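Model the full structure from these sequences, guided by the hints.
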Amino acid sequence: MSTLLRSECIQCLAEKQFNNIPESATEDQKLAFLQSMFQILSEASVETCAPVIVRDIDRVRKEMFGQTPDYSREKSYYNQLMLEKAEGIREKIHSAEDPLLKALQFSLVGNYIDFSAVKNVEEACLEKLLEEVEQNSVTGEAYEELKRDLSRSRKLLLLTDNAGEGVLDKLFLEVIREQYPQLRIKVLVKGQPVSNDVTMEDAMEIGLQEVAEVYGNGNGIAGTWLPELSPEAKNVWDESDVIIAKGQANYETLRLCEKNIYFIFLCKCRLFCENFQVPQFTGMLVHE
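Per the numbering used here: the sequence shown = residues 12 to 299.
Note that these hints are calculated values from the structure, not bench results.
Quick caveat: nothing in here was measured; it's all calculated off a predicted structure.
Ideal placement from N, C-alpha and C gives every residue a C-beta, glycine not left out.
There's no promise every hint is true.
When the alpha-carbon atoms are kept at most 27 Å apart in a straight line, the in silico DSS-like pairs for lysine-lysine are as follows [to be verified]:
| hint | residue 1 | residue 2 |
| --- | --- | --- |
| 1 | Lys245 | Lys197 |
| 2 | Lys245 | Lys166 |
| 3 | Lys130 | Lys73 |
| 4 | Lys73 | Lys27 |
| 5 | Lys279 | Lys96 |
| 6 | Lys279 | Lys130 |
| 7 | Lys27 | Lys41 |
| 8 | Lys197 | Lys270 |
| 9 | Lys103 | Lys279 |
Pairwise CB distance ranges, derived in the manner of DEER restraints [what the hints assert, rightly or not]:
| hint | residue 1 | residue 2 | range |
| --- | --- | --- | --- |
| 10 | Leu45 | Gly99 | 43 to 53 Å |
| 11 | Leu94 | Ala43 | 38 to 48 Å |
| 12 | Phe29 | Asp109 | 43 to 53 Å |
Laid out in structure tokens, this is it:
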């Protein structure tokens, strides 16, 4: 990925936006929306990225149709589903030979719950991934570097991704707190609703504040777009020694950001699978 924006990303998001036009829209409205969308796409710089473009298109959608996709029901469902599973997963983590690795593997699996990147999120597929969590082999050099960084750092920042997934991130942070008690842990969630990403409301629902200091990032862009962080979130970012970033969108927005950052995600879209040369839903731990 030599640039932030790729032709495959434009094709993918254009198809998704077209398929999500409200059924009640008139032909004139559809045409006007598509023309505005393609204008945004044609003017996009290669230095921007898909999440920012989606935000801009969603603004047009809201102006024209008075709505953007609402995932509040799905978010609540998966938050509660994973909270119900949390104790059983916690037991598996603490009975493992390497609890940190096991917690990391579960956190990886949670990245499946992504209504923007996965065409059809299926509970059966999630269950299968949770049962086969050990297949996420992330015990290479990046994992050893993560442990070294956690042991010698003072301030850790975790950037969340999807609701439901946040429960497994919480379990991951529990283990980090136990093994590296010197760390002051902070978490950034979305400042405004975007897809099914974790917001402050979701964080409070799953009790994320029990294991870390939680802050909103001040915007509604998928991933973490540094130019639009709130001053408070920018300060949290700047003072962090080590950063754990969940999800493909964080990789898209933060790649080459020159921070000590660990990206944790499942390869869900074709571009990521081709870039890392792995099958779909392979777990990745990438250190930059």
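* **Non-conforming hints, listed in increasing numerical order** => none
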